[in-house]
Amino acid sequence: MSVAPNRPASWTGRVRETVVEALPPEKLLPDGQPTYVASWIYVFGVASIASLIVIVGSGTILSLKGPAWWHDTGVGHFFNSIHLWAVELFFFAMVVHLWGKYWMAAWRGGRVRVWITGAVTFLVAIPTALTGYVSQQNFDAQWIATQAKDGLNSVGVGAFFNVTNFGQMYSFHVLLLPMAVIGLVSAHVLLVRRHGVVPPFDLETRLAQLGAAEPGSSGASNDAPGERP
Amino acid sequence: MSRLGNLLRSHDETKPWSGAYAPYDLIKELFVAVGAVALLAVILAILFSSPDQRPSTIAQWSRSLPVDFVATAAKELAGTSSTAGYGPPYNHNGEGQHAAFIYLQKWLGVSHPINTANDFVVDPLKTVPNDPALRAALAEYQAAPESTRNAWSTAYAKPLEEYEAASEEGKTPPSVVSQNASTGAVTVDAKGTGPVPRMIASLLSLAQSGGLDGSLVASNQFFQTDYTKPLLFMSDGGLLAKRAEVDHLLGEQWGMMNETGSYPGQTWLWLYTLWYQVEPFKSSENADILVMMVMGLLSLGLICIPFIPGVRSLPRRIPIYRLIWREHYSRQAGAGR
Amino acid sequence: MSHGSVVGAVFNLDHPAHVVEWHFIQLSVANLVVIGLMFVVFAAAILLPFPGAAGRRGEDS
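From first to last, the protein sequence lines stand for chains R, S and Y. Per the working numbering: the first sequence = residues 299 to 527. Per the working numbering: the second sequence = residues -5 to 331. Per the working numbering: the third sequence = residues 2 to 62.
The hints are simulated quantities; they were obtained by calculation from the structure and are not laboratory data. Predicted model only: the values in this text are computed from it and were never measured. Every residue, glycine too, gets a C-beta built ideally from N, C-alpha and C. Careful: at least some of the hints might be erroneous.
Over the 12 Å line for every Cβ pair with chain Y, so calculated as not near, a few chain S residues [stated by the list, open to error]: (1) H5; (2) H86; (3) D113; (4) P126; (5) S161; (6) D183; (7) A195; (8) F217.
Below, in silico cross-link-like pairs of lysine-lysine (DSBU-like), each with a Cα-Cα straight-line distance of 30 Å or less [claimed, not checked]: (9) R:K325 to S:K22; (10) S:K120 to S:K185; (11) S:K9 to R:K325.
Isolated chain R, as found in the complex:
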């Protein structure tokens, strides 16, 4: 009879073992993918990440010289342009990625948390963009702030999140919300590495499901093959 190895007593040891068990190196950084990963739709996840990297990079340059810089110099305006277009590309890639993952039903096989972290990332990206728009310190910022305040005030959020307070909005935009987005994207990617890319629908099961369907049969039984609608 084999003896179970001793669990480490230290927190560090236990964290290490948990992490390595969940994501051993060959799972964290695999150099192969299942052969069904063979479509251009799969690049929109990494395209979203790449856009986020360009957003953070251009945003870092903008924050180096402070929020007024981009109004005063051509170089500053150029980096603002890169930042804006990278945001458009980010949402573009995320939406195409979301469409692809929906039509693949990519939450299957225990991947529900992958779907949830992805959806929440998209939803958190929206106020991240909003805080950027109201931090522009131009007419667009004035208009968006005075309009958005009504929606936020109506649900009480305006009591602690004031879109007309430039200092607060800049802090949210430069630090708090990017941290949230990056944290969510990291969790999302680590979960994908943990569970692997979702396998294709099983065609044979689908055929069996269509063949098994009989007139008058209703509802679900636990024995029914395939997915329950």
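Please arrange chains S and Y on chain R, whose structure you already have, making use of the hints.
The following block gives chains S and Y in isolation, referenced to the frame of chain R:
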């Protein structure tokens, strides 16, 4: 297992992949993606740049639309402006929006108190030096009981409201309101207005000189990053909306999705702004909370798609997946022969 | 109406947008282009062949 558990838990036949793997360089793919996206962003920046329309100031507002400025200032003093009657988080003069018995705006309270008469008119005027007539007018105003102050402000504001309504409808505006084109001064010929005309005339001068912009921002302390007061004051007037209309930024123009100029805007807000264009939201006084609640529900729905019967099985029924995985299926079919 | 300078743009987009109206829907041309491109790119992504098929062939278990 409960019936609800059965319903939420789809009968998922997905097995872990036991088939073949092919080499796939994730890190190289990331580098290529970053390079490609960075290049694309730089090209777009070179081709189209980005918009930067200069902000409006109270000085510009008071110089370009002096009657609108004076009318707004009168309403702030009379407590009839949009901000004055807004309710939380600015004041208790209204209950704010609600959905049935849900009064979130009221429940979260007044966190950024604004008294429009004091904050937008009286306090800035107190900073004006060397004006004995103004000082006397302010003293008379502050010594009067509230009912008298209200009567003065209302008497002054009423002809200005009629002037604005007539201008909007394209009718001849009443002659009691006149504007001096060379000095920018506005005169309201109304009775029972007490010291209010003197106060508002001084406020207009202060605004046109640029002093009101600074006064409203730095009212509490030297260092300030909160532009709530000047922004609320300006949005009570017509200048921002006038500029916004040109760039299709108004609510009824689907403005939430749009950017100034001809740039792409926030396309991801399409559904959010769509609700405002249709009933019952379009004509509702509580449109904002209703739309926010609908979008909150739909956002929750997006997150919970794996649990929603019907929605979660649509990808199986509409086989777009056959296109995505066609190489895999044809390889499977070939191996099966 | 005060506009900022648009620095170095090849195409100047700093003028009010052209808007497409259909029933109650109003969309700027720029937004319509972006949304249209999303559909086009999605369709292209699932239809265009992905390179490396030879490497993936004949390796099924």
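List of violated hint numbers, smallest to largest: none
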